Amino acid sequence: MRAKRADRIATVVFWIIGLVSISILLFITGVILWNGLGKAIQPSFIFGRPKGFKAGGGIWPMIVSSFYITGLALFVIMPISILSAIYLAEYAKDGRFTRFVKFCVDSLASMPSIVFGLFGMTVFVILFGWGYSLIAGSLTVALLNLPTVMRSAEESLRSVPVTYREASLSLGASRWKTIRKVVLPSATPGILTGTMLTVGRILGESAALVYTAGLVSRHVPDSLFDSAAPLAGYIWYVQTEAGAPDYRAIVDGSAALLLVMVLVINFGARRIGNYYQKRTLAGEKRV
Amino acid sequence: MKRIKRAINNFQRKEVGIKIILVTSASLSILAVFMIIAYIFRESLPAIRTVGFKGLFSFNWKPEPANPPAGSYGMLVPIIGTISATFWAILFGAPLAIGTAVYIDQMAPMAIRSVINRGIEILAGIPSVIIGWFGLTMLVPALRNVTATNGFGIMAAGVVLAVMSLPTITSISVDALRALPPELEEASLAMGATRWQTVSRALLPAARRGVLIAVILGIGRAVGETMAVQMVVGNANQVAWPWELFKPTSTLTSRIISDIGESTGVFRSVVYTEGLVLLIFAMVLILAIRMVSRERKR
Amino acid sequence: MYNLDYRLEVEGLTLHYGNFKALENISVKVPNERITAFIGPSGCGKSTLLRCFNRMNDLIDDCKLEGSVFLDGEDINGSGYDVTALRRNVGMVFQKPNPFPKTIYDNIAYGPRLNGKKDKLTLDGIVEESLRKAALWKEVKNKLREPAMRLSGGQQQRLCIARVLAVEPEVILMDEPCSALDPVATQRIEDLLAELKKYYTIIIVTHNMQQAARASDYTAFLMIEDEGEPGCIVEFGETERIFTNPEDERTEKYITGRFG
Ligand SMILES: Nc1ncnc2c1ncn2[C@@H]1O[C@H](COP(=O)(O)OP(=O)(O)OP(=O)(O)O)[C@@H](O)[C@H]1O
Ligand SMILES: [Mg+2]
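Protein chains in written order, with my numbering: chain A, 285 to 571; chain B, 2 to 299; chain C, 1151 to 1410.
One or more hints might be untrue.
Unchecked claim - Simulated pairs of lysine to any residue, SDA-like, Cα-Cα distance not exceeding 25 Å:
hint : chain 1 : residue 1 : chain 2 : residue 2
1    : B       : K63       : B       : I261
2    : A       : K386      : B       : S259
3    : A       : K288      : B       : D260
4    : A       : K335      : A       : A457
5    : A       : K386      : B       : I173
6    : C       : K1283     : C       : E1296
7    : C       : K1268     : C       : K1283
8    : C       : K1283     : B       : E184
9    : A       : K377      : B       : L185
10   : A       : K335      : A       : K461
11   : A       : K335      : A       : G415
12   : A       : K335      : B       : I38
13   : C       : K1246     : B       : A207
14   : A       : K288      : C       : T1234
15   : B       : K63       : A       : H503
16   : A       : K465      : B       : V17
17   : B       : K63       : B       : D260
18   : C       : K1179     : C       : D1332
19   : A       : K386      : A       : K288
20   : C       : K1283     : C       : S1229
21   : C       : K1293     : B       : L185
22   : C       : K1246     : C       : L1346
23   : C       : K1291     : C       : D1256
24   : B       : K15       : A       : K288
25   : C       : K1347     : C       : E1388
26   : A       : K386      : B       : V17
27   : A       : K288      : C       : L1221
28   : A       : K288      : B       : R114
29   : C       : K1268     : B       : S201
30   : A       : K386      : B       : A289
31   : A       : K461      : A       : A451
32   : B       : K20       : A       : P445
33   : A       : K386      : A       : A451
34   : C       : K1179     : C       : D1398
To be verified - Residues on chain A that point at chain B, a partial pick, calculated with CB under 7 Å:
hint : residue
35   : L309
36   : F351
37   : V385
38   : M395
39   : I398
40   : F551
Source of the hints: derived by calculation from the structure; they are not laboratory data. In this text the structure is predicted, and so the values were computed from the model without any measurement. No residue lacks a Cβ here, since even glycine has one placed at the ideal position from N, Cα and C.
Turn these sequences into a full structure, and let the hints steer you where they fit.
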């Protein structure tokens, strides 16, 4: 009977905990959207340029910069991470080198993004003389996100059933052919999910970017070496400077817009992942 | 005969070429790690040389942006600030997150389990500036009203960081619980255990290493989090121990992001040294995770 | 029919998984302190039926059942019936040995501890007695504090039986308990069954005809007419008669096919 009562109490407690967690996250989302969505959908705000200390500035250059940085970073991340993942999942034997690579990937993944910001600033901004620029910011977040994409790609490759490989190899295909024609296509949805999640993460990144890509952009960047302040960093900058009289509205609006973009992308990523799990991995349990 | 041989040769050459490309890309991660550590360390050297360990590990903080070598640059305030804020983040965040994971995996109605899980995973993407902005505009004023302080400080940072690490710890703990063989749950229930007895005596003990790793990763997230903390911690130069909840202070990350833009000389080098301390924190956590997961194999 | 007590009785049981009807109109009386075997082709619902006796199907989301299952005359699906008490009375041994990732001792003590037994001496006694009954004591008495996972498959399965015995059930359900074991380990479990039936009512699901013939007193043959059809009981009776002189020709076909 004691056990019964404990069980009933525990059930109630866990319900409360679960609901509290979800409500916290939903509450934050709700407040941000409630405060900012009105501003965020004004065309003059979305498509306008920042006006410094004057009211009525927009965020178009920052939005474009965010996407430029994301695109450019992916352009760097994708080939490196997929090739590395293929190496780790398909070729590497469990030797010293492999273990060392894995240790380095783990280390890279655990470094705080501000450290990447420091590094990017030292090397790309100052040493290479690129200044606050699209390319310095992109390379910095590329480094920052390389390990996560690599890991999710490796996992997707590993979850492709061995039988697929055996079938292809037994038909006389080479190892590389097997990977390209059989393994990679089966792993694509998983890799795609990982990539989408990374897009969301890059869009939300600020600490690694404010001192590599720039704090504010007056116009849409027109070259790799133009400063390209991303939206997330701009939010931080505007609330720190508090220069424009309507800075609060600008932050509210930018935050709502950024949140919508990130949540939509994450939602899409999970949908792909879900679809993939249901289709390809049905009944297949990974060890 | 010759043609076949040449074909085989070509074939092998191609496979070898591919392998070289693959190994090279994999090696890039090694290069990246070493470059980062090397550069952060190199930039910290001037501070380590001129300020010295004693000066760096002191409470004395009087930067002289105009004449850097004349200032004093103790890092203990932000180091303790980071520890204090992380302490509360985990104290609030970990039980909530582990409880949520148990709720999702065991207690929630079957029909909505995956919906809740997915929802938490999606909300894990809320950018840190946004949580910081929420903290600055909602949490800090609320704390100000109920405590007669200015609202900034360890408490605000702890809550913000707890929210940030909540989804991380939750989803990794859920994974750890899901990775348990279903037979475990069946075995326990079949012996007449209640749901709670099954969770507390069979499932959580079996998943404890995964849950521990989740908490360590949560700590890592809290230690390295920058923007959200900088917005609510107050950035004051005074030490705040974990029990000084409403004292504005600084963390390593908030110091770095505040100072990096306009420091020169030794002052600037000190900023890198703060980064170096963060790197060391991160390495300690990695080693902790390795130890926990190595134990699992035995 | 048989002059025995029936501890477990099933009446007109029909079970659905969602829209799929897995069992239809099952009625069977399980004799007391005997071993009853459920045999039949794969997918005919043997495990499903077995899991009705301790309501393990409660764990499956969209599982609905009609009809009744009585334990000692009480409907176990009735409102207010205590599931945890039921499961303590009706123990279960699974197809794959599933010890907890704990020590041997803690595995056996798990059940008694659930019921609030904390005293070390009492627990020691229960652990030893259960291991003795499961014919495992001699092999493990010097390594009670070692992880149960280190035991061999056969030992693990006997450990799981001991773990069930420690809760002092009256009925024990076994779902293909030997299918993951080699012939020697299987033999030991069968010997153990012969010993246990003196005190317990046992239901065992098996694919092994010899095992059913050797070890059980009563046999129920389940079958599905066709793919997607529900399972039902074709024939039930004393094992000897079922195997030597089946009434239904489907039973005969199955048994001879299996023996052949
Ligand atoms: N959880 C479930 N959800 C849906 N259908 C199920 C579930 N479990 C079993 N079934 C279906 O119910 C039918 C009976 O399954 P059951 O496992 O009881 O068969 P069985 O006789 O034990 O087979 P086997 O000898 O292979 O163990 C099968 O068609 C199976 O696919
Ligand atoms: Mg079965």
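Hints and how they fare:
For the suggested pair K63/B and I261/B, the alpha carbons sit about 16 Å apart, so the restraint of at most 25 Å is met. Simply put, K386/A and S259/B have alpha-carbon atoms about 33 Å apart, too far for the 25 Å limit, and the pair is violated. Under the criterion of a C-alpha separation no larger than 25 Å, the hint pairing K288/A with D260/B is inconsistent with the structure, at around 57 Å. This hinted pair does not check out: K335/A and A457/A have alpha carbons roughly 61 Å apart, beyond 25 Å.
The suggested pairing of K386/A with I173/B holds, with an alpha-carbon distance near 19 Å, which does not exceed 25 Å. Restraint check: the Cα-Cα separation between K1283/C and E1296/C comes to about 20 Å, which is no more than 25 Å; the hinted pair holds. Taking the CA atoms of K1268/C and K1283/C, the gap is near 22 Å; set against the 25 Å cutoff, the hint holds. Straight-line distance between C-alpha atoms of K1283/C and E184/B comes to about 24 Å, which keeps the hinted pair within the 25 Å bound.
Only pairs whose Cα atoms come within 25 Å are accepted, and K377/A paired with L185/B is rejected, the gap being roughly 33 Å. A hinted pair counts as satisfied when its Cα atoms are at most 25 Å apart, and K335/A with K461/A does not qualify at roughly 55 Å. At most 25 Å may separate the alpha-carbon atoms for a hinted pair to count; K335/A and G415/A meet this at roughly 23 Å. With a C-alpha separation of about 39 Å, the suggested pair K335/A and I38/B falls outside the 25 Å cut-off, and the hint is violated.
For a cut-off of 25 Å, the pair hint linking K1246/C to A207/B stands: about 18 Å separates their Cα positions. The suggested pairing of K288/A with T1234/C holds, with an alpha-carbon distance near 9 Å, which does not exceed 25 Å. Of the supplied pair hints, the one linking K63/B and H503/A is violated, its CA atoms being roughly 38 Å apart against a limit of 25 Å. A distance of roughly 19 Å separates the Cα atoms of K465/A and V17/B; the hinted pair therefore holds under the 25 Å criterion.
For the given pair, K63/B sits about 13 Å from D260/B by alpha-carbon distance, which is consistent with the 25 Å threshold. As the CA atoms of K1179/C and D1332/C are separated by approximately 32 Å, the hinted pair breaks the 25 Å bound. Taking the CA atoms of K386/A and K288/A, the gap is about 47 Å. The hint is violated against a cut of 25 Å. For the suggested pair K1283/C and S1229/C, the alpha carbons sit about 35 Å apart, so the restraint of at most 25 Å is broken.
Proximity of K1293/C to L185/B is assessed by CA-CA distance (about 22 Å); at most 25 Å being required, the pair is judged to hold. Taking the CA atoms of K1246/C and L1346/C, the gap is near 20 Å; set against the 25 Å cutoff, the hint holds. Annotation: proposed proximity of K1291/C to D1256/C holds, straight-line Cα distance about 13 Å (limit 25 Å). This hinted pair does not check out: K15/B and K288/A have alpha carbons roughly 67 Å apart, beyond 25 Å.
About 15 Å separates the Cα atoms of K1347/C and E1388/C, which keeps this hinted pair within 25 Å; it holds. Restraint check for K386/A and V17/B: the C-alpha separation of about 22 Å stays at or below 25 Å, so the hint holds. Between K288/A and L1221/C, the direct Cα distance comes to roughly 21 Å. Compliance with the 25 Å bound is thereby established for this hinted pair. Restraint check for K288/A and R114/B: the C-alpha separation of about 24 Å stays at or below 25 Å, so the hint holds.
At roughly 16 Å between alpha-carbon atoms, K1268/C and S201/B fall within 25 Å of each other, so this suggested pair holds. Restraint check for K386/A and A289/B: satisfied, since their Cα atoms lie roughly 16 Å apart, inside the 25 Å limit. Straight-line distance between C-alpha atoms of K461/A and A451/A comes to about 12 Å, which keeps the hinted pair within the 25 Å bound. Distance check on the hinted pair: K20/B and P445/A sit about 22 Å apart at the alpha-carbon level, within 25 Å; holds.
Straight-line distance between C-alpha atoms of K386/A and A451/A comes to about 29 Å, which puts the hinted pair past the 25 Å bound. A C-alpha spacing of about 19 Å is found between K1179/C and D1398/C, which places the hinted pair at or below 25 Å, so the restraint holds. The closest approach between the C-beta of L309/A and any C-beta of chain B is roughly 4 Å, which is under the 7 Å cut-off, so the hint is satisfied. Look at F351/A: its Cβ only gets to about 15 Å from chain B, farther than 7 Å, so that hint breaks.
Hint status for V385/A relative to chain B: holds, with the closest Cβ pair at about 5 Å, below 7 Å. Checking M395/A against chain B by beta carbon gives a least distance of about 5 Å; that is within 7 Å, so the hint holds. The restraint placing I398/A at the interface with chain B holds, with a minimum CB-CB distance near 5 Å, inside the 7 Å limit. A distance limit of 7 Å between C-beta atoms decides the matter here; for F551/A the minimum to chain B is near 5 Å, and the interface restraint holds.
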